[in-house]
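**Q** Residues per chain are reported as follows:
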Amino acid sequence: MRKVLLVVTLLLACLTLAQLAANVPRHETFIANQLTGRVGTPGNFNLWAGWRWQDRGIQNLLLEPLWCVEYATGEIINALAAEPPIYNADFTELTIKLRKGVYWSDGVPFTADDVVYTIELVKKVPGMSYNAQMQSVAEVKKIDDYTVVLKLTEPNSRFHTYLLDRWGALRILPKHVFEKVEDPMTFEFNPPVGTGPYVLKAYDPGGYWTLWELREDWQRTPTGMLYGKPAPKYVLIQTFGTAEQQVLAMARHELDAADLTMEGLRAVLQRVNTARAWRRDYPWTVNIDPCVTGLHFNNAIEPFNNREVRWALTLAIDIVEYAANAFDGAVTLSPIHIPLTSAYYDWYFTRIEEWLKSFELDIGDGQKFKPYDPTAGQRLAEYARKRGYKVPTDPEEIKKIFGPGWYKYAPDVAEKLLIKNGFKRDPKTGKWLLPDGKPWTITILTTTNPAHPSYRNGFAASQAWKKFGIDVTVMTSDALATLGQRGEFEVTTDWPAAEPWGGHPDLFRVLDPFSSQYLVPIGENAPWGNYGRWSNPKMDSVIAKLKDTDWNDTESIINVGLEGLKLLIEEMPTIPTFNYPGVVAWDEYYWTNYPGAENMYCQPYHHWPNFKYMLPFLKPTGRK
Amino acid sequence: MRFFKTYLLPRILMYFLVIVVGVTIVFIIPRLLPIDPIQQMIGQITSTGAYLDPKTLDYMIETLKELYGLKGTLWEQYWGFWRRLFKGDFGPSYFQFPVPVISLIRQSLPWTLGLLLTTTVVSWILGNVLGALGGYFPQKSWAKILDVISMVIRPMPYYVLALSLLLLFAYLIPIFPLGGGFLIGGRISFDLRSILILLKHAFLPAMSLILIGVFLWFQAMKLVVQSVKNEDFVSYARLGGLSQSKIVSRYVMRNAMLPQITGLALSLGQIFSGALITEIVFSYPGLGTLLYNAIFTGDYNLLMGIMTMSIFVITTSILVIDLLYPIFDPRVRYR
Numbered sequence: 001m002r003k004v005l006l007v008v009t010l011l012l013a014c015l016t017l018a019q020l021a022a023n024v025p026r027h028e029t030f031i032a033n034q035l036t037g038r039v040g041t042p043g044n045f046n047l048w049a050g051w052r053w054q055d056r057g058i059q060n061l062l063l064e065p066l067w068c069v070e071y072a073t074g075e076i077i078n079a080l081a082a083e084p085p086i087y088n089a090d091f092t093e094l095t096i097k098l099r100k101g102v103y104w105s106d107g108v109p110f111t112a113d114d115v116v117y118t119i120e121l122v123k124k125v126p127g128m129s130y131n132a133q134m135q136s137v138a139e140v141k142k143i144d145d146y147t148v149v150l151k152l153t154e155p156n157s158r159f160h161t162y163l164l165d166r167w168g169a170l171r172i173l174p175k176h177v178f179e180k181v182e183d184p185m186t187f188e189f190n191p192p193v194g195t196g197p198y199v200l201k202a203y204d205p206g207g208y209w210t211l212w213e214l215r216e217d218w219q220r221t222p223t224g225m226l227y228g229k230p231a232p233k234y235v236l237i238q239t240f241g242t243a244e245q246q247v248l249a250m251a252r253h254e255l256d257a258a259d260l261t262m263e264g265l266r267a268v269l270q271r272v273n274t275a276r277a278w279r280r281d282y283p284w285t286v287n288i289d290p291c292v293t294g295l296h297f298n299n300a301i302e303p304f305n306n307r308e309v310r311w312a313l314t315l316a317i318d319i320v321e322y323a324a325n326a327f328d329g330a331v332t333l334s335p336i337h338i339p340l341t342s343a344y345y346d347w348y349f350t351r352i353e354e355w356l357k358s359f360e361l362d363i364g365d366g367q368k369f370k371p372y373d374p375t376a377g378q379r380l381a382e383y384a385r386k387r388g389y390k391v392p393t394d395p396e397e398i399k400k401i402f403g404p405g406w407y408k409y410a411p412d413v414a415e416k417l418l419i420k421n422g423f424k425r426d427p428k429t430g431k432w433l434l435p436d437g438k439p440w441t442i443t444i445l446t447t448t449n450p451a452h453p454s455y456r457n458g459f460a461a462s463q464a465w466k467k468f469g470i471d472v473t474v475m476t477s478d479a480l481a482t483l484g485q486r487g488e489f490e491v492t493t494d495w496p497a498a499e500p501w502g503g504h505p506d507l508f509r510v511l512d513p514f515s516s517q518y519l520v521p522i523g524e525n526a527p528w529g530n531y532g533r534w535s536n537p538k539m540d541s542v543i544a545k546l547k548d549t550d551w552n553d554t555e556s557i558i559n560v561g562l563e564g565l566k567l568l569i570e571e572m573p574t575i576p577t578f579n580y581p582g583v584v585a586w587d588e589y590y591w592t593n594y595p596g597a598e599n600m601y602c603q604p605y606h607h608w609p610n611f612k613y614m615l616p617f618l619k620p621t622g623r624k
Numbered sequence: 001m002r003f004f005k006t007y008l009l010p011r012i013l014m015y016f017l018v019i020v021v022g023v024t025i026v027f028i029i030p031r032l033l034p035i036d037p038i039q040q041m042i043g044q045i046t047s048t049g050a051y052l053d054p055k056t057l058d059y060m061i062e063t064l065k066e067l068y069g070l071k072g073t074l075w076e077q078y079w080g081f082w083r084r085l086f087k088g089d090f091g092p093s094y095f096q097f098p099v100p101v102i103s104l105i106r107q108s109l110p111w112t113l114g115l116l117l118t119t120t121v122v123s124w125i126l127g128n129v130l131g132a133l134g135g136y137f138p139q140k141s142w143a144k145i146l147d148v149i150s151m152v153i154r155p156m157p158y159y160v161l162a163l164s165l166l167l168l169f170a171y172l173i174p175i176f177p178l179g180g181g182f183l184i185g186g187r188i189s190f191d192l193r194s195i196l197i198l199l200k201h202a203f204l205p206a207m208s209l210i211l212i213g214v215f216l217w218f219q220a221m222k223l224v225v226q227s228v229k230n231e232d233f234v235s236y237a238r239l240g241g242l243s244q245s246k247i248v249s250r251y252v253m254r255n256a257m258l259p260q261i262t263g264l265a266l267s268l269g270q271i272f273s274g275a276l277i278t279e280i281v282f283s284y285p286g287l288g289t290l291l292y293n294a295i296f297t298g299d300y301n302l303l304m305g306i307m308t309m310s311i312f313v314i315t316t317s318i319l320v321i322d323l324l325y326p327i328f329d330p331r332v333r334y335r
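Residue numbers (our numbering), protein chains in the order written: chain A, 1 to 624; chain B, 1 to 335.
Listed next, the in silico EDC-like pairs over lysine to aspartate or glutamate satisfying Cα-Cα at most 16 angstroms (straight line): (1) Lys71/B with Asp58/B; (2) Lys55/B with Glu524/A; (3) Lys619/A with Glu588/A; (4) Lys467/A with Glu321/A; (5) Lys55/B with Glu154/A; (6) Lys65/B with Glu524/A; (7) Lys233/A with Glu216/A; (8) Lys538/A with Glu571/A; (9) Lys100/A with Glu83/A; (10) Lys55/B with Asp540/A; (11) Lys408/A with Glu360/A; (12) Lys151/A with Glu93/A.
A short list of chain B residues far from chain A (calculated; beta carbon distances all over 10 angstroms): (13) Glu76; (14) Trp142; (15) Ile149.
Since the hints were made in silico from the structure, they are not lab data.
Beta carbons are placed, not taken as given, at the ideal position from N, Cα and C, and that holds for glycine.
Produce the entire structure from the sequences given, and follow the hints as far as they go.
**A** Dropping the structure here:
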């Protein structure tokens, strides 16, 4: 009888609704979903040896980088580094000053030895992440416990950006752990040791969750020193199989912050009283994501190798209708090849706006056309208002939310440009024919994920160009990355340019992929940001100037960056459309003061490395 | 000796031939895909916004080709694959380099085996018993009710069924967890409490698979029984005065079981491909998501590892069933 009672008691205990183990109180735990999905290597935390699902907490809780980009405030955070990078005059030497008083989670002090060892090890072992990049280090020297000097094989004014965390960087590993390891590639680094504020508590051997606990000595981490004590004692990063499951979890208050689909977000906002998005009202989406979406022409093939054809296709887009088809208008338009985050708006857009207004296209017969429409954002806001959404009336606020402007919807001008280049309409069908008389068909290559902004861009573009009289097909493929790099596409929805840093005005990583030195024929690997294989001698000279400009010389960096952006607009090798509309929601049932549009102290993605810098600002509601 | 020559030997030869051909196809097919493992890896890195310096791109690609073993000719890679296979080694996963494929399979296999082995066997037994009874006594009211339930559940898309169960038992009547294989923050140990927690987490995924599985077997068995029960030997048994239960169990079911046994062997073999949708809907660990990720990341070695195991288990199951057939079916024995 006693055995039966024991079984029944256990059964009842197991059937209770505990989501977490008894020693992990829910009200002391912050739960976020994992962006990159189920971890394939649950027991392996060695992110220096390859892809290890670093957003499971490795980059966002366990480790601190030397520097970290904060795009919400437009700053570079000195984390393990004590100050910005110091280069010598010809950029062949980089000095890194380190923060004092930082300790690894196992109690060993963090010093210059760790930095020297990391760079030497990564350079030596093929296959380690950043092995290729570290080949340009001739020598790395410890000057004292908190100063490291790197001698480079050739001038490189941006070498430190390999160590600058923007969802990826060479992070410093613990020398005292790795020096005892025979093979750093097969080493699992479990339990992991870090310089960040959290340590591993438990993980799912099936790969669906990882639980982290606040370090007792959190004061000895850069997070603690810069921002104070992180509020949650535990952080759980969990993978949910479907968007529906995430919505249900939020409805049960079992998920505090999540990346969602637009449909999922609407369901959460309807169902969960305590949930909210980046903006409390429409358009809800994060408009400060440091990434601009759009369309990418293959400039290596006809007719996309013709600037006027590319411009004709741009002017055949009614951007309001396009944004409505893509995201029901919940986006921030960007007419330039960088996203209009608050920082870039101030650094770049305000300085390029006048030029955009006066920029002219030659449309033939001596006629000029000014393509820029400074009212596009206003028109998009008007669309939203007509749809019944609550939209602000202040023009400045509208500019920040919906974007300042875009290009005019001018199918008549697009027609002139095409006719000027030998295109004509089929008299029977009215559809466009190529200069050789064949019907003009365009295939847009995009991702298979219908919720992704790439996919939405693909279908919105197909609608716009079909309306203009071109036969357009959208091809979705899981081989997008391969086909893109090889240039096996006509138009793809890969980003129109490599993503900028977000928190720094330097556009080197946006413009450098356009350098002619990386130009390769179709079938070979093109660099990210220029799968479209466009180059221009003027761009080469802009890149050369930027290379010679010091990272800390903000004014000069912006001026050179503007030259690059203007050239991209003149040539339009790719079309920027709107900022990546991040769809995130968070539940204020257990925690408040998560950063939102009106409280932008930090970027809002929990999978970013900056998540640890946000945690000290969270406030518990006291609910249990 | 005659049995060995005419029955056993051809089947064993066919068994090895199927494995060689199957494994060869598994080697070739991923290489015909437009997906390149290195470019997919680069795509993964850049898709999250991490900076990949164009200057270092070629160096990185060459290093990875060398490490992944993709530098030789296709023939060299093919023979290398067989050499490794004989040692029980599928090589490293490309996407999770240098983690060995075998250790990735080892992590996921117990979950898949635990879930799918149980649900396949339970569905098979329940479905066949109910199908036999429903087919033999079609006019009974319980048989009609079973028919209606089967007609509702069978055509239902599995995803909808699984999601409905989740909504019902994890949200509206929240007695089961939303997902996962075990309590978050807990550690699996071999005690009663752990087992009960494991069962609680496996209940909804198992229920969804059993519901679909039972009625699949139910309908198939019912059709076979309806045909068998009109055979002369059944009429003869009935006229001979044998009891209903004896006729159903000894005469009808036993004859109707033969195609179902082959079906069971195939189902057991397919376990090694995992249950992708179940794993996704219930966030349940297993081989399904591992295989899916291997396909779209171009992780040839992982793909080949899982598929080779699947081929091996399916062919072995069929061989075993073939060898056991004479026991079930005297006609084969006396042929």
